[in-house]
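Chain A is already provided as a structure; the job is to place chain B on it using the hints.
Protein chains: 2
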Amino acid sequence: MPISSNHWGLYTDFYELTMAQGYFYCGKKDDTTTFNYFFRTNPYQGGFTVFAGLHDFLKLLLEYTFNETDIAFLEEQGFNKEFLEYLRTFKFSGNIISANEGEIMFPGEPVLQIEGNIIECQLIESMLLNILNFESLVATKAFRTKLVANGKVFSDFGLRRAQGLGAIHGSRAAKIGGAASTSNVLAGKLFDIPLSGTQAHSWIQSFDTELEAFRAFARTHPEDTILLVDTYDSLMSGIPNAITVAKELEKEGNQMQAIRLDSGDLAYLSKKARKMLDDAKLEYVKILASNQLNEYVVKSLIKDQNAPIDGFGIGTELITGKSDAALDGVYKLVEINGRPKMKLSENIEKVTLPCKKQVYRCFGDDGTFYRDAILVADENPEEAEFIFHPVYPERKTQITHLHKEPLLNTVVKAGEIIREQKGTDEIHQYLSKRSELLPEEHKRFISPHIYKVGISQKLMETRDALTKQLLKKSSV
Amino acid sequence: MPISSNHWGLYTDFYELTMAQGYFYCGKKDDTTTFNYFFRTNPYQGGFTVFAGLHDFLKLLLEYTFNETDIAFLEEQGFNKEFLEYLRTFKFSGNIISANEGEIMFPGEPVLQIEGNIIECQLIESMLLNILNFESLVATKAFRTKLVANGKVFSDFGLRRAQGLGAIHGSRAAKIGGAASTSNVLAGKLFDIPLSGTQAHSWIQSFDTELEAFRAFARTHPEDTILLVDTYDSLMSGIPNAITVAKELEKEGNQMQAIRLDSGDLAYLSKKARKMLDDAKLEYVKILASNQLNEYVVKSLIKDQNAPIDGFGIGTELITGKSDAALDGVYKLVEINGRPKMKLSENIEKVTLPCKKQVYRCFGDDGTFYRDAILVADENPEEAEFIFHPVYPERKTQITHLHKEPLLNTVVKAGEIIREQKGTDEIHQYLSKRSELLPEEHKRFISPHIYKVGISQKLMETRDALTKQLLKKSSV
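Line by line, the protein sequences give chains A and B.
Per this note's numbering, residue 370 is the first one in the first sequence, and the count goes up by one each step.
Per this note's numbering, residue 370 is the first one in the second sequence, and the count goes up by one each step.
Pulled out of the complex, with its shape left as it was, chain A reads as follows (with noise of 0.2 angstroms):
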């Protein structure tokens, strides 16, 4: 795989770079700036979206430099030498404040804001949407099985069918929203996420017997025989020929792990297996299932059908972040050499908040989430009385007597990493501990309550005067 993977300068969108050099020769170089990132809808029509991806994008940050073949590709795209000489001591160099990873997020706030000078912001914008997206699209997926499993596990299959390489931060960001395991070894490796797996198909068939490929893997897997048991027929020979060997472990004083159920109806199977075993005295036999799964079949087989199922493979819908693809976060100028900027549209919902800013979570009477605000960074929030909704500012909430949190810290300053980020265990512990104090009726699938983020009237002020501004000036 051709990756100078110590060099990611140009996994960047080529507009950065044409940007980036016509900032170089207009004057605008030493520029500082500053953007935001955020996104506008929730991914699967849901309540919330849980951040994730923190750790990758500052990993490939630090490495976000040019070699001498990046430079030597750039000329040959017609790049200017004194600009190339720019790019090759290139290094982002400015400040970042960001969310928590594993914090859980809502629409039109910002969840990053970088400042640096033009470039810089420029440059790395693109990998930034990259990672941040994606990850942040399949930890939400994860947490949502994890809100409906009943306490039940789940595991992250879903290499075969994840998109290329996607797979790497994908299998961490199934972990970060809930996964108990990846059976990405790569991803495990790499971040420290538990293992597992069992065995295909080919398995059973590379043997002359389904009962002989099972007596062939519980020999060199005493201690954790876990059994396909379909690829024949589960109930007629997978289920009975486990059982077999399940009791044959006995006698060798092991216990047979589980069996695992990939296709059928995996309600009525599981329950038909449940009941084999037991009848069988192997009432420690796990049933695990797989084929096809996503949040709403975990719920559905769980809670509406009490399928005896005690964890799920998720594989193509978990990794993919089906039916969303991505997550649609967009990432802004809000401010130009101290003065703000912002972005109109003819879509109401897609004009930018200029300003630098600060998000505080407000808390209500019992403790659990109850606004965020959006302020001017600069702004006292105890000083600020009432938040508005940004769109129709006569709905507005008074905060001043709800506790807050600032949302956004500090984890690079001059180009330095100086917030240790946290292992995906610990992170997803933080999501989960947040999560409680998220009220339920976020946490629905079908029509999710929306939770409410409101803006400052200093930031309504300078956005509403910005607006004139550019309307005069910008009209012919």
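Just so you know, these hints were derived from the structure itself, not from any lab.
Among the hints, erroneous ones may be present.
Put simply, identical chains are the same to the list, so a pair is met inside one copy or across any two.
[What the hints assert, rightly or not] Each computed BS3-like pair below joins lysine-lysine, with the alpha-carbon atoms no more than 25 angstroms apart:
1) K558 to K428
2) K802 to K521
3) K558 to K460
4) K765 to K725
This is chain B only, laid out in the frame that chain A set:
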């Protein structure tokens, strides 16, 4: 990015390694096996699939080895020393026959056939599926777009919404399917894809006025000025300002290349924009469009609404293969030590076909694709009289008189790549040529005509005999 970029041994599912160790210890490590890669349904409810990813898979296959840290990691996971010694010098040493990249393929037929010892064939499964499933998904999406673009070009703008590093192979696949260029600079470098891009809203916002921003861009890019016109208001501000700058460029002897619309109703705005440009005698200025496009929107704009759009930038849906997220390709054991193998299933469509095979494309009298015939590898295609529907054998087609071409050619022999892979451009040209031979009714989006793939009598008889035998053996 801590990828051990020359050792991809861990880029596999955990169970592949568990099974490999099992084969190693139960005396099967030198068993010779044949596996088939095939998919079960065309993506996007379409009538065909464009095969892509072979080049990337083969590159990774050569690097499918284990370094010291990989071995140490596996030791921590409990793998045995002897087996780890085996992995230390592991290298795929088998044979692969494959369809050409860019070939149009259909459900149920082998796309690759892999022969080797059981361990090597098993270990590479996950990586093969990961790369081939994804690139074929995106190449198919891109080609569907090309089919309805009426000669208009489109570019891959997907990096920011791609699934992490999946962007790298996704951009290559988009090019194979018909994208003229990509915004992804790294993919451009790795796969020799033309780059394209213009400017972001941040460029415009970073200047005091839109006109100033346009002028600055034109100054730094006088020969390839493309201006994004929707930062404030496309019709009232962006297009008039672009016209002003185009006229200024003319005075210096340059021609503005294009404007880009990125929001609002693209049909309406492009017609207005065309008229405004034409009225200003700027007939040569092209109109580009982006914003949540896919093949259906392109078709609607170009074919149904006659929108005067000259080119498209397509992001999310192209690079992620939305709405499908994954091709359902699988990898199944079909032969071991010369004996045919298959998997039964409660779903008849999931029963696999045993035996080493070859696929023959059969041409109709008019020279177009007519049927695909799956034969046992050693069958003489001139002697196969009929092919049969795999599930309904009463549906058969005589193929004796038809011109036939074998689709699978040797690409790897004894672990060495023996067939040089083509560049993305050449692969796309091959695809275009083959597509001319695919009757139109298989290309339409809605209820496309199903292309018939049949099996030879010998294959059918082998399968049916094996089914009987398996049902007898596996029942209890």
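Now for the hints, and whether the structure bears them out:
{"no.": "1", "hint": "K558 to K428", "in the structure": "both (16 angstroms within a copy, 22 angstroms between copies)"}
{"no.": "2", "hint": "K802 to K521", "in the structure": "within (18 angstroms within a copy, 52 angstroms between copies)"}
{"no.": "3", "hint": "K558 to K460", "in the structure": "between (28 angstroms within a copy, 21 angstroms between copies)"}
{"no.": "4", "hint": "K765 to K725", "in the structure": "within (22 angstroms within a copy, 70 angstroms between copies)"}
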